[in-house]
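Enquirer: Those protein sequences? They're chains C and A, same order as listed.
Numbering-wise (the numbering used here), the first sequence opens with residue 8 and increments by one.
Numbering-wise (the numbering used here), the second sequence opens with residue 6 and increments by one.
Check the hints yourself; a few may be wrong.
Restricting the straight-line Cα-Cα distance to at most 30 Å, the calculated cross-link-like pairs of lysine-lysine (DSSO-like) are [as the list claims (entries may be wrong)]:
| id | chain 1 | residue 1 | chain 2 | residue 2 |
| --- | --- | --- | --- | --- |
| 1 | A | 68 | C | 193 |
| 2 | A | 104 | C | 277 |
| 3 | A | 104 | C | 193 |
| 4 | C | 120 | C | 183 |
| 5 | C | 120 | C | 281 |
| 6 | C | 60 | C | 152 |
| 7 | C | 120 | C | 277 |
| 8 | C | 230 | A | 68 |
| 9 | A | 104 | C | 230 |
| 10 | C | 120 | C | 215 |
Hints were generated in silico from the structure; no laboratory data involved.
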Amino acid sequence: MNLPTESVSRIEGKRLSMDFDRPPAVETSLGFFFNKIAGWNVLHFGALWEHFKNKYALTEFPPPIIATPTVPPLTLQWSPSESIIPLRVLFTDASRSQLVQVQNEFFLHNWRKTDETPDYQHYDHILPLFREDWSIYLTFLEEQKLPRPAILRSEMSYFNHIVRGQDFETYEDLPKVFRNWRGFEKNPVFNNLEFAAFNVVQPVGVGKIQVVVGPGVRTTDGKEILQVNLTASVVPSGSGNDSIFLALSGCHQIALQSFDSFFTDEMLAKWGRKK
Amino acid sequence: MSALLQAQWVPVQQREKLRYAGNSTVSVERQPLFRLNSELTPVVQYEGDGWLFSALAELHALKRAGMNIPGLGDFRIADETMDRVRRLLTTEAVLNLDKPQFVPFSGGGLSLVWNSNNQELTFSVYPGEEQATYMTGAVNAAEQHDGVVAVTNNTDLSAIVTRFLTTAG
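Next up, chain C with everything else stripped away, as it sits in the complex (with noise of 0.2 Å):
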């Protein structure tokens, strides 16, 4: 696997990056999905963040998620002769922006903006931190006699927030925002949008770009917003730690591409990109 190690990637000769004066992306999230660890229970949950907690001291609990490739359909199950419930955790530092979150099939980080801190973090900024939340990961489990994770993908995910009133004011707006969107021009039963949401999938070299559009209430402060989550994702060539960083690497470079390919440059424009 050849991919670019950098961190602001070209395309057709324009620098891409996520420097915005008004970036809409509100969270990110990196990591790597991988097959159950057999052995691992809700035991070890706590024990894990015995070596976390000077970093995250801080714990939440949210729904578990699916952890396979969102093509439906899809079958999720669970029975009583399995040793845990589906269970998700999430070790948190004092801001709660920085946090790891833990379940049987995944490993990730993210950063999330929040009131204290607002500014959006860089890949280059986060990845180190990963790299030692990571290595703090396998150092637990070799402890425990665990076996390393049989890593299935790395992956990347950007979530933004498309702010109805700041960023669009109708749906007719929508062809001014996203690049695929044409809009229904003069047609005499498509006029006047209330709902739109769409889902794109799209491969891209060696990976793949899933790109999830819907409506939304912003719950924080009450604002009306399009979701526009851009997860990309590379099967890494094996399991080892520069393998799956490599692949990383190439879901940054695929998300930062079709970051600048799906929006429009009006709306680039409009958030302030920096050149």
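Chain C is fixed; fit chain A onto it per the hints.
Expert: For chain A alone, kept in the frame of chain C given last:
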């Protein structure tokens, strides 16, 4: 569940939600406790056929129609009122109810009203006020149960809604 990613759920855990259907019928809605992605920022998603979508569309219509009527009042709904009403609408306690009736009042505020079996519940949201006022009791009765509540305090909101549903029968 999102229409975009149709998954066949075999739920491990189920949460039963009592749903007020507006005609004294209470149904039980089971929701699987799983998510489809690793996003943590709290967002309530909706689809085009639910009451939340209809309520949000009605809010936009009311905002557009608001007018300042000399001698009568300023019925333009303030932006901060809209944000606060959306926060209230997307709490678990209120999502358990049916779609409310919206009543703008002078000064940029908005009331949300539910009626059942001669019992009424009203939340009133004011611009510039973090808290909403509430009132519940028999319609036109002198005795009402009222107070103030933070629009995101689901615990207190649940208590108010439960009281209303219990008295409404």
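Enquirer: None of the hints should be skipped; say for each whether it holds.
Expert: Each hint tested on the structure:
A threshold of 30 Å between alpha carbons decides the hint, and for residue 68 (chain A) with residue 193 (chain C) the separation of about 26 Å falls inside it, so the pair holds. Between residue 104 (chain A) and residue 277 (chain C) the CA atoms are separated by roughly 36 Å; this puts the pair beyond 30 Å, and the hint is violated. For a cut-off of 30 Å, the pair hint linking residue 104 (chain A) to residue 193 (chain C) is broken: about 33 Å separates their Cα positions. In summary, the hint linking residue 120 (chain C) to residue 183 (chain C) is supported, as the alpha carbons are separated by about 25 Å, within the 30 Å threshold.
Taken as a hint, the residue 120 (chain C) and residue 281 (chain C) pair is honoured in the structure, with Cα atoms around 20 Å apart against an allowance of 30 Å. For the suggested pair residue 60 (chain C) and residue 152 (chain C), the alpha carbons sit about 21 Å apart, so the restraint of at most 30 Å is met. Taking the CA atoms of residue 120 (chain C) and residue 277 (chain C), the gap is near 20 Å; set against the 30 Å cutoff, the hint holds. A distance of roughly 15 Å separates the Cα atoms of residue 230 (chain C) and residue 68 (chain A); the hinted pair therefore holds under the 30 Å criterion.
Proposed proximity of residue 104 (chain A) and residue 230 (chain C) is supported: the alpha carbons are some 19 Å apart, at most 30 Å. Restraint check for residue 120 (chain C) and residue 215 (chain C): satisfied, since their Cα atoms lie roughly 26 Å apart, inside the 30 Å limit.
In the structure shown, a violation is registered for the earlier hints numbered 2, 3, in ascending order.
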